[in-house]
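A.B. asks: The primary structure of each chain is shown beneath.
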Amino acid sequence: MMEKREALAQMFSAKGSRINTNRGEAYYNNLMQTMTLRLQELEKSPAASKVSIEAVLETEGLNRRDFMKWASAACAALMLPSNFTPLIAKAAELMNRVPIIWIELQDCAGNSEAILRSDSPTIDELILETISLEFNETLMAAAGHAAEAHLEEAMHTFKGKYLCVVEGSIPLAMNGLYGTIGAKGETFEEHLLRVAKDSAAVVAVGTCATFGGVPAASPNPTGAVGVQDVVKGKAIINIPACPANPANITGTILHFVLTGQVPELDHLNRPKFAFGYRIHDNCERRAHFDAGEFVEEWGDAGAQNNFCLYKMGCKGPMTFNNCSIVRYNSGTNWPIGAGHGCIGCSEPQFWDKYAQERPMADTHFKAPTGGVEKTVDEFGLGLLTAAGIGIGIHAAASLIAGKKEGDE
Amino acid sequence: MSYKKIERMTGFMRLNHWVVAISMVVAIVTGLYIGHPYYQSFIADPAVDKYVMAWNRLAHFIVAIIFDVSSIVVAYLYFFSRFEKPYKKLLPTLKNIKEFFDVLINLLTLNRVKKFDSSHTDSFNSIFFFVFHMMLIWMLLTGLQLYVHGLASGISSIGAWWPWILHVATDWTLVATGGTNMDVRLSHHYTMYAIIVWVMFHVYYQVWRTIFWKEGDISIVVGGAKYVKE
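Protein chains in written order, with the numbering used here: chain W, 1 to 408; chain H, 1 to 230.
The set of hints was computed from the structure by calculation and includes no laboratory data. Please note: incorrect hints may appear among the correct ones.
As the list claims (entries may be wrong) - With the C-beta cut set under 7 Å, the calculated list includes, among others, these residues of chain W facing chain H: (1) Gly-292; (2) Phe-294; (3) Ala-397.
Stated by the list, open to error - Pairwise CB distance ranges (calculated): (4) H/Trp-162 to W/Gly-331: 32 to 40 Å; (5) W/Lys-161 to H/His-133: 53 to 61 Å; (6) W/Ala-397 to H/Ile-218: 17 to 25 Å; (7) W/Gln-304 to H/Gly-223: 55 to 63 Å; (8) H/Trp-162 to W/Glu-152: 49 to 57 Å; (9) W/Asp-281 to H/Gly-11: 41 to 49 Å; (10) H/Leu-58 to W/Glu-190: 50 to 58 Å; (11) W/Asp-281 to H/Lys-214: 52 to 60 Å; (12) H/Leu-58 to W/Pro-221: 43 to 51 Å.
Even glycine gets a Cβ: it sits at the ideal position worked out from N, Cα and C.
Build out the structure end to end from the sequences listed, making use of the hints.
C.D. replies: Here's what the structure looks like:
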């Protein structure tokens with residue numbers, strides 16, 4: 001009953017993805033003041049990590065100018081006016097004062113990998129190196145009881161101040177025994193609830209942590225769900241995509257550093273600055289879509305001419321993300337640029353409903369009549385045939401009955 | 001034996017009927033293309049001459065608007081028509097319920113039992129049309145939800161109120177169909193088939209009535225009147 005009521009309440013409170021990029025001078029002056037005060041306070045607090053962005057940039061052979069170029073781009077990405085650029089740069093320098101506890105649940109660690117493994121890291125990725133990462137199962141040297149003690153210590157020291165970053169889904173089937181962690185055999189659910197409890201906000205990174213992702217795909221044997229289904233009563237920021245774009249992770253953390261608050265979110269709790277626009281509307285192949293020029297087969301003339309991938313199953317028209325603008329791997333490329341359609345990885349239930357490599361109308365799904373998966377058209381043609389047979393029987397019967405009446 | 005002429009549809013109602021019928025055919029032809037482009041544009045043509053998907057989408061939206069406006073007019077006529085007020089046949093009164101089943105029994109017994117006045121709109125047909133109008137409203141809401149995805153900036157050529165009102169009016173269809181954009185699209189596509197089934201039965205039933213009731217029902221939508229034995 002409660003669930004139904006909640007669903008009803010949600011039905012009438014779903015927010016659209018409208019983004020207000022011009023809120024007037026008074027708003028921005030106010031925001032600038034809040035941010036300046038917040039940064040001054042942060043500057044007074046001791047650096048939790050000794051790594052500074054200057055040192056990291058120097059090691060990578062990047063100069064102050066590159067850094068400022070990045071700051072102005074990040075400023076635009078967060079949809080702030082350009083006079084906020086110095087504040088963004090300052091915030092990036094103060095990143096090492098925000099403690100972060102990063103936990104890893106049921107996933108492939110792909111989001112960590114996406115950030116760590118690039119051979120020419122962007123400044124976004126480098127900034128994530130300077131954050132004060134207090135705990136991260138993938139990276140830290142400690143193990144077993146030592147790691148547990150370290151986590152306890154970090155949670156105690158930064159109580160109410162740290163950001164809890166979560167990667168991976170939470171298996172709930174069999175009382176959560178599909179995933180346990182640590183020397184005490186804590187389930188992922190208990191682990192997440194314990195760490196999230198004293199955090200300032202929870203950041204779910206990647207589609208597994210946000211919506212359950214691939215582990216939650218049908219038939220979902222482990223009962224995997226996203227963070228927002230487990231953690232209640234906390235500010236939760238979802239940064240989906242598979243993997244989540246480092247630029248969006250940095251942007252969200254930057255926003256937290258600047259304001260101490262979560263950024264404006266859409267109805268799926270995704271930051272609007274990153275997930276407010278549709279891939280399709282900023283796609284370099286969009287003109288081919290409008291012209292009706294489609295790739296019909298891998299490697300055909302259309303593919304060689306960078307035609308639209310809609311008929312190869314591109315789900316750009318239903319997917320909200322900024323990868324068509326920000327791209328991946330230092331802005332090198334992105335899936336559609338590389339010649340493969342979007343699989344909708346930043347949308348809920350993407351593996352079952354988007355990543356099917358077929359045009360939208362040919363999506364296979366469980367038909368209302370049950371049985372094996374069908375397309376809407378297969379089901380619809382079945383429906384039309386049934387209606388036709390029904391009408392045919394009635395017509396034939398009417399004719400025969402009508403004749404009898406005439407005979408009488 | 002003489003026949004009495006009974007006016008059933010005004011000129012405007014007949015015009016509205018055929019506008020809806022043509023809109024529906026265009027919406028189905030273009031809608032199927034949008035879901036899965038089933039013919040190719042000429043690859044040798046320069047891109048500037050081709051606008052195939054865009055024309056299909058434009059046609060789809062235009063007929064949707066015509067469809068919606070005419071449905072709103074019909075909804076208005078349900079209550080305020082000076083000719084015939086169909087809502088009176090929709091109310092669940094004893095008389096209407098009895099008439100509904102009388103007409104249904106007539107259809108199922110192949111016109112053996114006819115215990116109702118067939119000269120005017122009956123409750124069965126009124127309810128049948130009510131189902132159609134509900135499906136059209138559902139198509140309108142899901143269609144506009146799919147449409148507003150392209151207005152993510154929150155602005156449009158006619159102002160910011162338009163995407164705002166679309167979100168307010170249609171965002172609940174996301175939750176109602178299963179929570180993803182794809183579910184709304186599937187529902188929109190499904191409902192098309194339900195409407196086609198409705199049309200098949202509608203056409204069959206009108207022809208069947210014409211043949212078996214022998215009152216010239218088919219001419220209602222052309223000449224506006226049917227003829228009942230006096």
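A.B. asks: Sort out which numbered hints this structure fails and list those numbers smallest first.
C.D. replies: Result: no hint breaks.
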